[in-house]
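Keeping their order, the protein sequence lines are chains G and B. For the first sequence, the positions run 11 to 162 when the numbering used here is used. For the second sequence, the positions run 11 to 162 when the numbering used here is used.
Mixed in with the good hints, there may be bad ones.
A pair counts as met if it fits within one copy or between any two copies, since identical chains are not told apart.
[Said to hold, decoys possible] In silico lysine-lysine, DSS-like type, Cα no more than 27 Å apart, as pairs:
| hint | residue 1 | residue 2 |
| --- | --- | --- |
| 1 | Lys140 | Lys156 |
| 2 | Lys143 | Lys120 |
| 3 | Lys81 | Lys148 |
| 4 | Lys135 | Lys120 |
| 5 | Lys81 | Lys120 |
| 6 | Lys84 | Lys69 |
| 7 | Lys120 | Lys156 |
| 8 | Lys140 | Lys120 |
| 9 | Lys143 | Lys156 |
| 10 | Lys81 | Lys143 |
| 11 | Lys69 | Lys81 |
| 12 | Lys143 | Lys84 |
| 13 | Lys135 | Lys156 |
None of these hints come from the bench; they were simulated from the model.
2 protein chains.
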Amino acid sequence: MAHLTSAEAADLLERFRHYLREHRLPVTQQRDLIAHAIFTAPDHLTAAAVHQRLSGQGKRIGIATVYRTLKLLKECGLAFERHFGDGVSRYEVAWADEHHDHLICVECEKIIEFEDEGIEELQHKVAARKGFKLVRHKLELYGVCKDCQERS
Amino acid sequence: MAHLTSAEAADLLERFRHYLREHRLPVTQQRDLIAHAIFTAPDHLTAAAVHQRLSGQGKRIGIATVYRTLKLLKECGLAFERHFGDGVSRYEVAWADEHHDHLICVECEKIIEFEDEGIEELQHKVAARKGFKLVRHKLELYGVCKDCQERS
DNA sequence: TTAGGTGCAAACGTTTTGCAACTTG
DNA sequence: CAAGTTGCAAAACGTTTGCACCTAA
Numbered sequence: 011m012a013h014l015t016s017a018e019a020a021d022l023l024e025r026f027r028h029y030l031r032e033h034r035l036p037v038t039q040q041r042d043l044i045a046h047a048i049f050t051a052p053d054h055l056t057a058a059a060v061h062q063r064l065s066g067q068g069k070r071i072g073i074a075t076v077y078r079t080l081k082l083l084k085e086c087g088l089a090f091e092r093h094f095g096d097g098v099s100r101y102e103v104a105w106a107d108e109h110h111d112h113l114i115c116v117e118c119e120k121i122i123e124f125e126d127e128g129i130e131e132l133q134h135k136v137a138a139r140k141g142f143k144l145v146r147h148k149l150e151l152y153g154v155c156k157d158c159q160e161r162s
Numbered sequence: 011m012a013h014l015t016s017a018e019a020a021d022l023l024e025r026f027r028h029y030l031r032e033h034r035l036p037v038t039q040q041r042d043l044i045a046h047a048i049f050t051a052p053d054h055l056t057a058a059a060v061h062q063r064l065s066g067q068g069k070r071i072g073i074a075t076v077y078r079t080l081k082l083l084k085e086c087g088l089a090f091e092r093h094f095g096d097g098v099s100r101y102e103v104a105w106a107d108e109h110h111d112h113l114i115c116v117e118c119e120k121i122i123e124f125e126d127e128g129i130e131e132l133q134h135k136v137a138a139r140k141g142f143k144l145v146r147h148k149l150e151l152y153g154v155c156k157d158c159q160e161r162s
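Turn these sequences into a full structure, and let the hints steer you where they fit.
Structure follows, in structure tokens:
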């Protein structure tokens, strides 16, 4: 689950502000709002979804600013950009201690997160065997979820 | 290695033609050329790369036709479409008996293919645990290759 | 002959960029 | 005040589509 408590979200927001100050970049209302949206989202948001969500709250923010801020969040390591093959980028909070991969239903598009120690260990072994120093990985399992199996 | 012998490439081309005839679709020069380009490529090609490669050979083929044919190759299972997170689709021959994942160097962008039985087995276990019937997966390991490690 | 493919150019949806006006520090 | 951000609209990007013409069977 990528859903953070509001205390955790607040902590991440503070870390983002700290990163900005450290780099002598202004902490603006827009940056706060966008970062907050990502930190409190229960799922993976597209830039358009972030924009809509803020518009719905009466905030007038340009889509360009959303992209610019998402890039900052990526750079400082507080958010990840994901691609699930439909040509749209999705963003999610990078929850420090948690590493998870994705299990995606090919019928209803539901996305479930999981972690597996064993797989991670084998990944490191494979990389080592090829002389690579592993820095990150992406694993997506596509299948039919229980609900969709029953439905058919 | 995704590099096929010319006999293997010829065999795949014949399979493609067979698929087309079976579906009462014409076997055109363009389709032959594009399929051949994919089957003989040593690496993952973008649509633009296929187009360039053919243009370089003096063939005047529209980029739209390249996309249309790549879609056909995907549909008949002879090519896979891959996404490595830079917003561009890459295509590679689907070598029937081989299943491989990718190891990508984050510095020189070199792409190495690998297979690992152990990882695949664990993937099936994870999916089963969550009630999913696994149909396919995507695993990409990003790291620094031996050459780039030495270079720095 | 005719179904369907082709190239072109225009349309598309997502992401980026140039710029004048505006905030932040 | 100066540096850097913002919103807008326009551009850029990869990809798809509409259409008149052409090719395979």
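Do the hints match the structure? See the list:
no. : hint            : result
1   : Lys140 x Lys156 : between (37 Å within a copy, 8 Å between copies)
2   : Lys143 x Lys120 : between (33 Å within a copy, 14 Å between copies)
3   : Lys81 x Lys148  : both (19 Å within a copy, 25 Å between copies)
4   : Lys135 x Lys120 : between (31 Å within a copy, 19 Å between copies)
5   : Lys81 x Lys120  : both (26 Å within a copy, 25 Å between copies)
6   : Lys84 x Lys69   : within (23 Å within a copy, 42 Å between copies)
7   : Lys120 x Lys156 : within (11 Å within a copy, 38 Å between copies)
8   : Lys140 x Lys120 : between (34 Å within a copy, 12 Å between copies)
9   : Lys143 x Lys156 : between (37 Å within a copy, 8 Å between copies)
10  : Lys81 x Lys143  : within (25 Å within a copy, 35 Å between copies)
11  : Lys69 x Lys81   : within (20 Å within a copy, 40 Å between copies)
12  : Lys143 x Lys84  : within (21 Å within a copy, 33 Å between copies)
13  : Lys135 x Lys156 : between (32 Å within a copy, 15 Å between copies)
The earlier numbered hints are all upheld by this structure, with none contradicted.
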